[in-house]
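2 protein chains.
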Amino acid sequence: MYYLGIDVGGMSIKGGLIDEKGNILFKESVPTMPERDYKDIIEDIAALCDTLIGKENLKKNDLKGIGVGIPGTIDPEKGVIVYANNINFKKVPIKKELSKYFTCPIKIGNDANVAAFGELKFGAGKGARDLILITLGTGIGTGIIVDNQIILGKGGAGGEGGHIGFKYNGKKCSCGKRGCWEAYASASALIKMTEKAISKNPLGVMAEVAREEGKVSGKTAFIAEKKGDKEAQKVVSNYVKYVSDGIISLVNIFRPDLVLIGGGISNEGDALMKRIQQRVNRFSYGGKINPKITIKKALLMNDAGILGAAALCI
Amino acid sequence: MYYLGIDVGGMSIKGGLIDEKGNILFKESVPTMPERDYKDIIEDIAALCDTLIGKENLKKNDLKGIGVGIPGTIDPEKGVIVYANNINFKKVPIKKELSKYFTCPIKIGNDANVAAFGELKFGAGKGARDLILITLGTGIGTGIIVDNQIILGKGGAGGEGGHIGFKYNGKKCSCGKRGCWEAYASASALIKMTEKAISKNPLGVMAEVAREEGKVSGKTAFIAEKKGDKEAQKVVSNYVKYVSDGIISLVNIFRPDLVLIGGGISNEGDALMKRIQQRVNRFSYGGKINPKITIKKALLMNDAGILGAAALCI
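Top to bottom, those sequences are chains A and B.
For the first sequence, counting from 1, position 216 maps to 216 in the working numbering; every step adds exactly one.
Offset between the second sequence (1-based) and the working numbering: plus 314.
Because the hints were derived from the structure by calculation, they are not lab data.
Please note: incorrect hints may appear among the correct ones.
[What the hints assert, rightly or not] Listed next, the in silico BS3-like pairs over lysine-lysine satisfying Cα-Cα at most 25 Å (straight line):
1) A:292 to B:486
2) A:171 to B:602
3) A:241 to B:468
4) A:95 to B:468
5) B:468 to A:288
6) A:241 to A:196
7) B:486 to A:288
8) A:154 to B:440
9) B:602 to A:90
[Claimed, not checked] Which residues of chain B face chain A? A few of them, derived with a C-beta cut under 10 Å, are:
10) 340
11) 396
12) 443
13) 456
14) 469
15) 474
16) 475
17) 490
18) 493
19) 495
20) 555
21) 559
22) 564
23) 565
24) 571
25) 597
Using N, Cα and C, we set each Cβ at its ideal position, and we do this for glycine too.
Isolated chain A (complex conformation) (with noise of 0.2 Å):
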């Protein structure tokens, strides 16, 4: 059986070919050019389609669905984006808009809840019936999925875990609060952090490491700690306790079986995973007696858009 997975996002449109049990027979892009005409944008996602199935010599008969992600706040239910972030689509119905090109089932989705879901069905978390997917980047995107459904919220405008409160009266958040945990544990967040320190003490090893790299990325401070800088320890060591911090208000109420974490600095490994899972350990609720949670990385990482997209109609 055969499934397509779109994974929408603010550059390139991704799209795979998949079969149902999850493997990617074709993948391929196309650029999103996001300030166009809505239809226009969906019409290169109907020749993307199209373009995929023909790579296997396959009808439009032949697909049992075809799922799309899209980062924004989502409403499944109506197959309506509401609101896309970097992309031109405002209440864009694009569950309606695909039908004119295929009639098998179109599901749609945020993509942080449908990279969850991917690793539900395909990756880290196969098996489990809750997870909470915790993807550190420009912001914090969080899927949350509990006995294998998809906390969605009124109009699909819940699962924005990234912006719990952290620090009351805190940091300003791009979302208008102050205080939001992405405003501190995001990908940005440590970059930032790294910044400040560098311009603390421009001679120092994360400013050499910088220097190398070319540039402050989410890596500086985890090489330069590597490398026994005292500064660089303390930075990783704060950010593993925002980052912890987060992950215990979604513990407590969630207690899911597994937290996965994605994005770049998931890259940092087991190192990273064992800290974060220690905090965890001790600081969430009734943490002697409560079942333990396990904390690991993502494992579909950039296919996680397209074999989640594709999970939503298997």
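Fit chain B to the given chain A structure using the hints.
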């Protein structure tokens, strides 16, 4: 059809005989004496059940179900009290024990969850599909319902919304972590804020109100505020922000139909609800675009426990 709802508290065990529409036919209570052996407490629960069905001349066979709400970590699937805060209950197989006395279905749940379920079935949440009940008391209890299902988490250890992060590295909370919402927005926290303000100005209006009332309570600042006291206005205004910001965290995750507020402080009524509503509208994620949620006073108050417990079986 007849149901029993049992509400186990640290001081007393309340019971109610309830019909399928949520009418309370009889109520009765017995002291908990929480330090006793758990079997003695369960024996008293069974006796209370007998008393209740005796009032209507019913037989055990007439009962369609018994629901029991208990404070602490409850595993409803296993029918086990994992741990209760103020009662000598640790790994107590209460469902099995009660089944020695009754053959009808027996369901158990955490008291905050049970109360939320009661509001959904019979109270301020009638007709809603999703709601969050926030009880502002000694701590903050939260009962979260998504799509008619209580958010339980692994082993029933979820739903602890009082212990989401509020202020990084802030006040020490009873749970061992620092900066939980509960440490700022519970009724106890309000009392501490009021006491602190009074100690700074022992001749002020709040001090006077406290003397008249015989103690500092959750009402003190509200009463003084109504008298035009600037210091009380400040206390109440901060408290409203603290309560609201935790609600915003939960709204960003769940975007429910309704948020209900219970506990003594909810008696401050519409004036308080409106102020919370304003801040939640303003600062919840995507404020202008996303569906508004409604903040209301919980309805069932002291009967929430027994009605919610019975509702587990209805």
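Hints, one by one, checked against the model:
no.	hint	in the structure
1	A:292 to B:486	holds, 22 Å
2	A:171 to B:602	holds, 21 Å
3	A:241 to B:468	holds, 24 Å
4	A:95 to B:468	violated, 35 Å
5	B:468 to A:288	holds, 14 Å
6	A:241 to A:196	holds, 18 Å
7	B:486 to A:288	holds, 18 Å
8	A:154 to B:440	holds, 17 Å
9	B:602 to A:90	holds, 13 Å
10	340	violated, 35 Å
11	396	holds, 7 Å
12	443	holds, 9 Å
13	456	holds, 8 Å
14	469	holds, 4 Å
15	474	holds, 4 Å
16	475	holds, 6 Å
17	490	holds, 7 Å
18	493	holds, 8 Å
19	495	holds, 7 Å
20	555	holds, 8 Å
21	559	holds, 5 Å
22	564	holds, 8 Å
23	565	holds, 8 Å
24	571	holds, 6 Å
25	597	holds, 4 Å
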